[in-house]
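One-letter residues, chain by chain:
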Amino acid sequence: MMQAVAAIPPFERFYEERKDEILGYLARLLGREAAEDAFQETFLRALRAYGKLEHGRHLRAWVFTIATRVAVDERRRATPVAEAQDVPVHDERPVYAELEHLAGELPPTERAAVVLRYGYDLSYDDIGAALGSNAEAARAAASSGVRRLRRKEAS
Amino acid sequence: MTTVPDSLDRRFRDAAASAGLLDVAYDFADSPIGTLLVAASGRGVCRISFDPEPERELEALARAFGARVLRTPGPVDEARRELEEYFEGARHEFDLPVDLSPLPAFQRSVLEELVRVPYGRVDTYGGLAGRIGRPRAARAVGGALNRNPVPIVVPCHRIVGASGSLVGYAGGLERKRALLGLEGAILAG
Numbered sequence: 000m001m002q003a004v005a006a007i008p009p010f011e012r013f014y015e016e017r018k019d020e021i022l023g024y025l026a027r028l029l030g031r032e033a034a035e036d037a038f039q040e041t042f043l044r045a046l047r048a049y050g051k052l053e054h055g056r057h058l059r060a061w062v063f064t065i066a067t068r069v070a071v072d073e074r075r076r077a078t079p080v081a082e083a084q085d086v087p088v089h090d091e092r093p094v095y096a097e098l099e100h101l102a103g104e105l106p107p108t109e110r111a112a113v114v115l116r117y118g119y120d121l122s123y124d125d126i127g128a129a130l131g132s133n134a135e136a137a138r139a140a141a142s143s144g145v146r147r148l149r150r151k152e153a154s
Numbered sequence: 000m001t002t003v004p005d006s007l008d009r010r011f012r013d014a015a016a017s018a019g020l021l022d023v024a025y026d027f028a029d030s031p032i033g034t035l036l037v038a039a040s041g042r043g044v045c046r047i048s049f050d051p052e053p054e055r056e057l058e059a060l061a062r063a064f065g066a067r068v069l070r071t072p073g074p075v076d077e078a079r080r081e082l083e084e085y086f087e088g089a090r091h092e093f094d095l096p097v098d099l100s101p102l103p104a105f106q107r108s109v110l111e112e113l114v115r116v117p118y119g120r121v122d123t124y125g126g127l128a129g130r131i132g133r134p135r136a137a138r139a140v141g142g143a144l145n146r147n148p149v150p151i152v153v154p155c156h157r158i159v160g161a162s163g164s165l166v167g168y169a170g171g172l173e174r175k176r177a178l179l180g181l182e183g184a185i186l187a188g
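First to last, the sequence lines map onto chains A and B.
Heads up: the first sequence at position 39 corresponds to 38 in numbering that gives the first Met the number 0, and the numbers run straight through without jumps.
Heads up: the second sequence at position 103 corresponds to 102 in numbering that gives the first Met the number 0, and the numbers run straight through without jumps.
Keep in mind that the hints are not guaranteed to be accurate.
Okay, the calculated bits of chain B under chain A, using three or more residues with CB under 8 angstroms as the criterion [to be verified]: (1) 3-10; (2) 15-25.
Derived EDC-like pairs (lysine to aspartate or glutamate); straight-line CA-CA distance at most 20 angstroms [to be verified]: (3) LYS51/A x GLU40/A; (4) LYS18/A x ASP36/A; (5) LYS18/A x ASP26/B; (6) LYS18/A x ASP8/B; (7) LYS18/A x GLU73/A; (8) LYS18/A x GLU54/B; (9) LYS18/A x ASP13/B; (10) LYS51/A x ASP22/B.
Simulated from the structure, these hints should not be mistaken for laboratory data.
Beta carbons: idealized from backbone N, C-alpha and C, even for Gly.
Extracted from the complex, chain A is given alone in its bound form (with noise of 0.2 angstroms):
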């Protein structure tokens, strides 16, 4: 029996429905005025790549992990940072919840992480491909991300 592959969805469809979720990710990323730029160029570099995508699966993740690369660059430029360190790991949304309006003192990989997994709900083997390296260190940026929260809290 024929099993229908995910259809890839006219880029009209796939924009309308994603384009408010990842401008308020940017926002939370970089502030609202950069935002805007980061949103533009997030969705130029999706339109490039649409063409060649072989199927409509994980379109959501997939543009987050842009936007995630264009956050990242963006910060780079702005800030340099130091790199997140190896800790452990446990379910840190609620200290999340408390913490988000501190995040924007976060380096930007931890940010990103911090955002996609409690923010967006985003599984480590996506937060790891949004930055480039694997779900492993994407769990570890996270739970740093979130450590460094609470010291700035209690700072």
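Since chain A is already given, all that's left is putting chain B on it; use the hints.
Frame of chain A; chain B shown alone:
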């Protein structure tokens, strides 16, 4: 919940078109016979739809031309302007390039011949069949016209039955009558 402001949305859509990243650009146009969806590929106008149901139209465009289908007005501005002039009676011929490339060869030959039927005149299904060298194919010609993706610009409304009756039109006979009326074509019945 963040909402993308219209200015940013518009900026992205324009940038996408300017960068040449689209398989198909489309927008809507008001006309005396209802709202039209007008779409253009890189080669020319590839779809004009009456009563557009965007979901279905976009799927069909994506299948025929590629998935990078985006609503953006720039690339269809010229088509909208020519249509507006046509509906004002100021334009009798379209200068727009038309993209019929995804169509089967027979249908393309019918539609390419159809463009030669002048403004305000009509021909018959059999007449058009004869002109493409397939005099017995009147019925197949009817089928090809019924699936014309670019009505108005490719003027399938100018083809009528042997008795001069309107016979059929994918956009509905009322629209066919309105278009022929606008052109001042004289009809039987």
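Now the hints, each set against the structure:
no.	hint	verdict
1	3-10	holds (count 4)
2	15-25	holds (count 5)
3	LYS51/A x GLU40/A	holds, 18 angstroms
4	LYS18/A x ASP36/A	holds, 13 angstroms
5	LYS18/A x ASP26/B	holds, 19 angstroms
6	LYS18/A x ASP8/B	holds, 9 angstroms
7	LYS18/A x GLU73/A	holds, 19 angstroms
8	LYS18/A x GLU54/B	holds, 18 angstroms
9	LYS18/A x ASP13/B	holds, 15 angstroms
10	LYS51/A x ASP22/B	holds, 12 angstroms
Going through the hint list in order, the structure satisfies each hint without exception.
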